[in-house]
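Enquirer: Each chain, written out:
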Amino acid sequence: MKYENFHTFDVKAGDAIATVTFDFGTVNVQGQEMLADLNSLAMRLERDRDTKVVIFQSANPEVWVCHYDTELLKDMSTEAVSRDEAQLLDLQSVCERISKVPQATIAKLEGFARGGGHELALALDMRFAVRGKFKFMQMEVGMGILPCGGGASRMARQTGLGRALEITLSARDFDADEAEAMGTINKALDADEIDDYVNTLAQRIAKFPAESINACKQMVYESIDKPIEDALKAEAYWLYQATSKTPAVKRFQIADEQGLEHDMENQRNWEKLVMEVQDIN
Amino acid sequence: MKYENFHTFDVKAGDAIATVTFDFGTVNVQGQEMLADLNSLAMRLERDRDTKVVIFQSANPEVWVCHYDTELLKDMSTEAVSRDEAQLLDLQSVCERISKVPQATIAKLEGFARGGGHELALALDMRFAVRGKFKFMQMEVGMGILPCGGGASRMARQTGLGRALEITLSARDFDADEAEAMGTINKALDADEIDDYVNTLAQRIAKFPAESINACKQMVYESIDKPIEDALKAEAYWLYQATSKTPAVKRFQIADEQGLEHDMENQRNWEKLVMEVQDIN
Amino acid sequence: MKYENFHTFDVKAGDAIATVTFDFGTVNVQGQEMLADLNSLAMRLERDRDTKVVIFQSANPEVWVCHYDTELLKDMSTEAVSRDEAQLLDLQSVCERISKVPQATIAKLEGFARGGGHELALALDMRFAVRGKFKFMQMEVGMGILPCGGGASRMARQTGLGRALEITLSARDFDADEAEAMGTINKALDADEIDDYVNTLAQRIAKFPAESINACKQMVYESIDKPIEDALKAEAYWLYQATSKTPAVKRFQIADEQGLEHDMENQRNWEKLVMEVQDIN
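Chains as they are written, first to last, in the numbering used here: chain R, 676 to 956; chain A, 676 to 956; chain U, 676 to 956.
Rather than coming from a laboratory, the hints here were simulated on the basis of the structure. Please note that the accuracy of each hint is not assured.
Which copy is meant is left open, so a pair is good if it fits within one copy or across any two.
[What the hints assert, rightly or not] Straight-line Cα separation of at most 25 Å, SDA-like style, residue types lysine to any residue; simulated pairs:
| no. | residue 1 | residue 2 |
| --- | --- | --- |
| 1 | K920 | A761 |
| 2 | K882 | L763 |
| 3 | K882 | Q933 |
| 4 | K775 | D938 |
| 5 | K749 | D938 |
| 6 | K775 | P902 |
| 7 | K677 | D931 |
| 8 | K925 | A755 |
| 9 | K908 | Q893 |
| 10 | K775 | Y896 |
| 11 | K808 | Q762 |
| 12 | K908 | E760 |
All values derive from a computational prediction rather than experimental measurement.
If we strip away everything but chain R, and leave its shape as in the complex, we get (with noise of 0.2 Å):
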């Protein structure tokens, strides 16, 4: 797949894992272009059968994303709808066809994300921030609107519903801790060590068989969404198209044949032998 011809973004990909760099103006605005080279991504990813992970991150050294363009807010509709006249909005759709491609994805925070792009981080599967270098804010409600790039949808199913609602009704900045300790992140990390764990996570898991990381993924999704006993029919259903093509049944004889699940040692060793298993084809 080739991932060029993109003006808010750089995409470095090989070796499974594809690096985005938002690099575009003085703060990274989200705006039309970047909407559009985020759909155009999310479509070629959609279609790429060799990258498996996908890392985001700002060659501004103080700004991530920093948020959705005001220019394109001054002159939206101030008419209010009926609950079925609501349409998806562009930042709602292209945020969730990012959220839901089959790569995993990683937003490497080290600078501030706000309002839409913080909406963007959201969207992702795992968010990884430096501190002391990234803020985020959900600003909406100061301006008269409300999260509406998912940000309200996401919000309290990462941290609750009391800390969602002071997120989107203080419009105040969070730091990295504070973030790791609401769940909006799953990790503060400090500015020397982002690099290795992102990286070190990123590589771990481009090992992997794709359809599982794409199975994995759209369940841990929909999870939330339905009933336990739905949910459930869908972990079966996602189980078979996994096995209808990944070798996992081929791993499973040879690690069968191995006696892997009567061996103390093996069990002390897992971390390593889901590594080794790959080789398997």
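Given the coordinates of chain R, work out where chains A and U should sit on it, guided by the hints.
Expert: Same frame as chain R, now just chains A and U:
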């Protein structure tokens, strides 16, 4: 809006903030008087266009709201009902109505809150509690019932399943630090810092447009009750609900004229910026 | 109820607490024997009116339950199924049945729990794990499948989406402190404190009325599968389920006679009070 003639609490309203101070008998028991007062309060808040934030505190230095009045329970029905026959209980209706008022609501928890008292706190948007003084308990399992003022329903929406089950099944006291770690409160604070913390938060929110506050909070509550696609449509619905009534567009026009998104200095100062824009009407 | 003739664990029941001690082969593999035993255990627990709490522990100092038997996976189907055709898998059915037994269930995790072993732990109500000994991993993504014993469905109900995705996609070990921070377990404990902690909790719950325990736990599980209005109705349903069978009313009559809610001293001592009332039958 006049906030008078309450028997179980006092209300002071002004500068867009109302402060409800529970002060009833020895221990702020949650009986018919308090439920009637809370219902009447909710009715007024729903029509109040001036108040944007409501703080709930107690005049009693040891107790916020103690628990539901056991006198009301001694005559309760002991007949099982079918799923279809189950009707909302008074405490549930009142807590749910308070939960959805258009204002941002804050529980300032400086003393005990157990049973129905804690369930009322869970029905508010945000909770802050004092170390060394606050304790909460859901003791219902020990009394032969279950938390039925919304507590069994709302607990896991704050904490996740495992911790909600421990809270509900153990009927023990949890202090402020435990509450923060489990997620039932937003933050544990020292006794000498809670006033500043809650007032600063309330005053910040009180500057924002009332319609945005309402849109943000209703949407966060909706978010976890709906699959993501439906939640996103609800966001779009609430966006236009807000913009049809707030000066959002004017603010973005001015922000655009000021070149907001292209300025690194502005990005560093969004916390101030979002307050300065409140003067634009 | 007699708890005999199990092949993969031993059960000791008495004083309203049953202790299930896994002890099967070298590493407590989760094969057909264990699933059959767990199913048989659930069938008995569902009919047991004396046991109120079940503790699940291991005789193996290094392993709780290691993982699903890979031998069973080497012959699994590799045909994709439609959404409608997807049937519950054996491991899912057994875990779900164990999850909903009327007793409060506790995983006492003193060793490794990976794959299906960890999914069984997630199906229990509460989890406590020992620092320095416990590790968990969902390695399925690396094996070409996904956690399909309820793990993909239940993870985000404990941790929120981002951390569930990291756990499911990284296939790495997480220790007790990480598990506590992410929310997969209730609490990390030192090796010399877990016995006391779990026993104290179990003995406390074991004093409470069986019907209340069941009502509380079923309702907490229902809560996140339903919109708030429906969840509240379910609370009312479970209330009358409980009061139709427990001495709740009598307890409240006595509490009322004792002037419980008007006494500040009682408010300070609710932890004891809720235990004293257990002697009223």
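Enquirer: Treating 25 Å as the Cα threshold, decide for K925 and A755: within, between, both or neither.
Expert: Answer is between; shortest inter-copy Cα gap is 17 Å, intra-copy 57 Å.
Enquirer: Between the shortest in-copy and the shortest cross-copy C-alpha distance, which are at most 25 Å for K775 and Y896: within, between, both, or neither?
Expert: For K775 and Y896, the Cα distance is within 25 Å both inside one copy (9 Å) and across copies (23 Å).
Enquirer: Regarding K808 and Q762, is the shortest C-alpha distance of 25 Å or less found within a copy, between copies, in both, or in neither?
Expert: neither (36 Å within a copy, 48 Å between copies)
Enquirer: Evaluate K882 and L763 at a C-alpha cut-off of 25 Å and name the case that applies: within, between, both or neither.
Expert: neither (36 Å within a copy, 29 Å between copies)
Enquirer: Is it within, between, both, or neither for K882 and Q933, if the alpha carbons may be no more than 25 Å apart?
Expert: within (21 Å within a copy, 48 Å between copies)
Enquirer: Between copies, within a copy, both or neither: which fits K749 and D938 at Cα up to 25 Å?
Expert: between (65 Å within a copy, 18 Å between copies)
Enquirer: With identical chains treated as interchangeable, where does the CA-CA distance between K775 and D938 reach 25 Å or less: within a copy, between copies, both, or neither?
Expert: Result: close neither inside a copy nor across copies, 38 Å intra and 32 Å inter.
Enquirer: Which holds for K677 with D931 at a C-alpha limit of 25 Å: within a copy, between copies, both or neither?
Expert: Result: close neither inside a copy nor across copies, 40 Å intra and 35 Å inter.
Enquirer: I want to check one pair: K908 and E760. Are their C-alpha atoms no more than 25 Å apart within a copy, between two copies, both, or neither?
Expert: Classified as between; 9 Å across copies, 32 Å inside a copy.
Enquirer: Measure nothing new, just compare the shortest in-copy and cross-copy C-alpha distances for K920 and A761 to 25 Å and report within, between, both or neither.
Expert: For K920 and A761, the Cα distance is within 25 Å only across copies (17 Å; inside one copy 38 Å).
Enquirer: At 25 Å max between alpha carbons, let me know whether K908 reaches Q893 within a copy, between copies, both or neither.
Expert: both (13 Å within a copy, 20 Å between copies)
Enquirer: Using 25 Å as the alpha-carbon threshold, which applies to K775 and P902: within, between, both, or neither?
Expert: This pair counts as both: shortest intra-copy Cα distance 20 Å, inter-copy 14 Å.
When each numbered hint is compared with the structure, violations occur for hints 2, 4, 7, 11.
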